[in-house]
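The numbering of the sequence shown is the numbering used here, which starts it at 2 and goes up by one.
Do not rely on the hints blindly, as some may be mistaken.
Using 30 Å as the maximum straight-line C-alpha spacing, the simulated BS3-like pairs for lysine-lysine come out as follows [what the hints assert, rightly or not]: (1) K445 <-> K77; (2) K126 <-> K88; (3) K527 <-> K99.
Calculated from the structure, these hints are not laboratory results.
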Amino acid sequence: MKQRTHHSFKRACITGIVLGSWAISPILAQDAAVSPALPVPPVAVDPATQSQEAARVREMQLFLSVIVETKLDMGKRRDAALSLLYKGWDDATAALVKEFESPADPSNRQVIAQAIADFAGLPPKAFIVPLLSTLQDDNTDLLMDVSAALGRYQNQATVTNKLVGLAVDKALNVRIRRGAIVALGYHRNRDLVGVLIGLLSSQQPTQVRSAAANSLSRLTGIYHFGMDLTKWSAWWEAHRDLDEQRWLSSLIDNFANHASALTVDNQRITQRLVEAQRQLYLATPTEERTAMLEKMLNAPELPMRLMALDLIVQRLVDQQPIGETLRGALIIALSDPSAQVRAQSAQLIRDLNDGPGADAIAQRLDVETDPTVLRAYLVAMADIPREKALGRATQLLSDVELQNAAAGVLERAIADGLVTQQHKEALTRQLRQLTAGDDTLSPKMIELLGRVATEDDWLRIAGWMDSPKDAVRIAAAEAWAASDRPLGELARRADSQLFLPILLRAAVRRGSEGQTLIQIAKHKPKAEQLVEAWQQAMLAMAPRVGTADVIEADRVMAEHENVAAIREHVLSAAIGQGNGDVDVQLLLSRAAVRLETNQAIQAMADLGLVEARSQTLSADDQQRLKWLAFRAAMESTQPEKAWAGVEAWLTGLQTTEQKQALAGRVMTYMVGRINRAIEARQVDQASSQLSALRKSIQNDLPASAHAKLDELTGKITELTELIARNEAAAKGQTNTSESADATQATPSP
């Protein structure tokens with residue numbers, strides 16, 4: 002009786018756990034690890050004051066800045082996104098959706114998807130459409146995170162139905178179907194069991210069958226059927242028509258059996274042992290900790306070995322030395338029975354940039370089979386390349402799950418000169434096969450092809466820049482930018498905000514074509530954060546291209562608003578430190594820009610360099626020099642010099658038409674200055690400028706222009722009279738006030 006009571010109590014506990022998990026959790030525990038508690042979303046409070054609203058906006062902007070900061074680790078960025086989701090602010094959700102749809106960096110999508118997957122409860126529905134769209138984009142790097150995120154919408158029938166449609170569509174890419182199947186595994190929907198069993202058919206691709214089996218296990222708690230269609234079909238035939246109570250009871254039994262197999266009690270004991278070991282480690286003198294870590298790495302308990310690796314990571318963070326013996330222990334750990342230990346050991350070897358460790362990873366690469374460990378090995382080989390790893394990396398290009406990491410190894414090896422010409426040719430042939438169809442076109446394969454491409458391959462890469470898939474277009478552009486080919490193909494697409502950042506980075510490194518500079522100047526970025534990169538690209542290119550191209554780029558730039566400072570910097574970059582050898586066109590252009598920004602003295606310095614070569618100037622350059630010199634003198638408060646220059650200029654002209662044209666140009670310029678003086682109520686300045694204008698050019702103006710001068714005289718007269726009236730009125734008020742004060746001060750008789 003006692004045993005029965007105990008069994009009933011255990012069954013009741015498990016019933017509560019399973020039913021709660023069925024309704025809430027996307028994943029029932031499959032191992033001994035205890036999931037950390039998710040933060041409870043705070044209750045939304047309507048801001049009571051403007052200062053509270055401002056503080057809320059600042060907090061939101063802070064979270065957003067962390068999310069998009071690619072220098073931070075992914076975990077911190079994901080936590081920031083999750084915290085922002087829990088805020089429940091509509092504008093925060095909208096900002097996250099916008100960043101997910103059009104990310105400044107591809108990793109931003111990943112952290113947002115991970116945050117949605119970790120969200121407790123139903124995430125905002127605004128993410129459903131972007132997540133489904135991304136799932137169908139066939140982005141290998143995002144597939145699993147997006148699938149997990151879609152799993153959070155388990156109670157949304159439209160999402161479930163859409164995922165089922167993707168999962169069973171044989172016309173779709175296998176990776177897209179697999180992602181949909183993985184997402185379905187999180188949907189606690191009994192009707193999905195039949196759909197998933199149907200996907201175990203031998204006619205289905207292996208990846209589809211494997212994903213279906215895993216999702217069935219996640220749904221039912223049965224982990225020993227694998228991909229055996231016969232066993233699953235027989236089980237489903239016996240359970241499909243059960244009423245709800247008996248169905249749930251069978252699931253409870255399944256999950257109870259699985260939980261028992263995990264030996265929870267043993268794990269708790271192990272956890273206590275591990276925690277005690279951690280406390281002992283912290284209490285141990287620093288010089289004795291290395292030996293303790295080596296011992297922990299050899300412990301039979303997996304949690305103990307994992308804790309040792311965590312403590313080694315902490316030593317790295319604290320900038321404590323990792324000696325040769327401990328590095329050797331990490332190499333030995335590459336043979337650990339636990340895939341998690343092997344993967345983390347490889348990551349540490351990479352972080353340490355350890356040569357012998359890299360050699361060991363290259364050796365282990367040929368015998369490793371676990372995908373997680375293989376990925377860790379490949380990432381390490383991309384940072385610490387070894388020729389021994391190239392053969393296995395080339396083989397893994399055909400594995401859709403690992404091809405990106407494998408491509409990273411080969412890209413680095415090519416850059417370091419480790420790949421022979423024969424190997425490059427073989428690699429080129431393989432990449433042509435891997436990029437043969439649009440359905441299997443991987444962005445990473447395009448970038449790698451760019452490292453070994455022939456002329457025919459470059460024609461294909463150029464064509465991919467016009468692909469309907471943004472990921473493909475970006476990869477093709479990045480491959481082009483990383484090559485030594487002219488940037489014209491990128492420059493002619495500079496109007497695309499997708500291509501412009503790539504073009505700007507490439508222009509800084511190696512841009513040297515004049516037309517590329519002109520195209521960059523023409524397309525000022527709409528995004529404010531790109532304006533600095535836009536300027537840096539032109540600054541880098543200006544000394545590399547011809548003067549005529551710089552002048553044309555400056556002319557094109559002048560069509561944008563608020564770019565005078567950038568124009569001056571670009572012209573200065575082209576001029577460099579030269580003086581006598583500098584093209585006068587550059588000096589004249591910079592002088593004109595400096596006059597626009599009230600730098601008359603600096604403009605006069607440029608004009609002085611041009612004037613020193615006045616004997617060799619063309620007639621047009623002579624005219625431009627004289628005009629800019631007049632303006633510079635006028636704007637540097639040297640009117641006598643300015644008018645003397647104009648009078649000498651007029652004297653040198655031969656025809657009445659030439660003199661009238663110059664006089665008209667001067668008058669237009671001066672009328673603007675005089676009107677500004679009138680608006681500023683600077684009567685004396687306006688009068689003196691008008692007087693000088695009449696004296697210098699009145700005789701050369703056509704009769705029709707004299708009326709304009711008379712109009713200015715009238716304005717000055719009106720302003721003078723207005724000022725006089727105002728002063729008189731003010732004086733009268735003062736006298737009245739003084740009289741009143743005197744009356745009040747007189748004593749009564």
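Here is how each hint holds up against the structure:
Distance hint between K445 and K77 is fulfilled; the C-alpha atoms sit about 26 Å from each other, no more than 30 Å. Proposed proximity of K126 and K88 is supported: the alpha carbons are some 15 Å apart, at most 30 Å. The hinted pair formed by K527 and K99 meets the criterion: a straight-line CA distance of about 16 Å does not exceed 30 Å.
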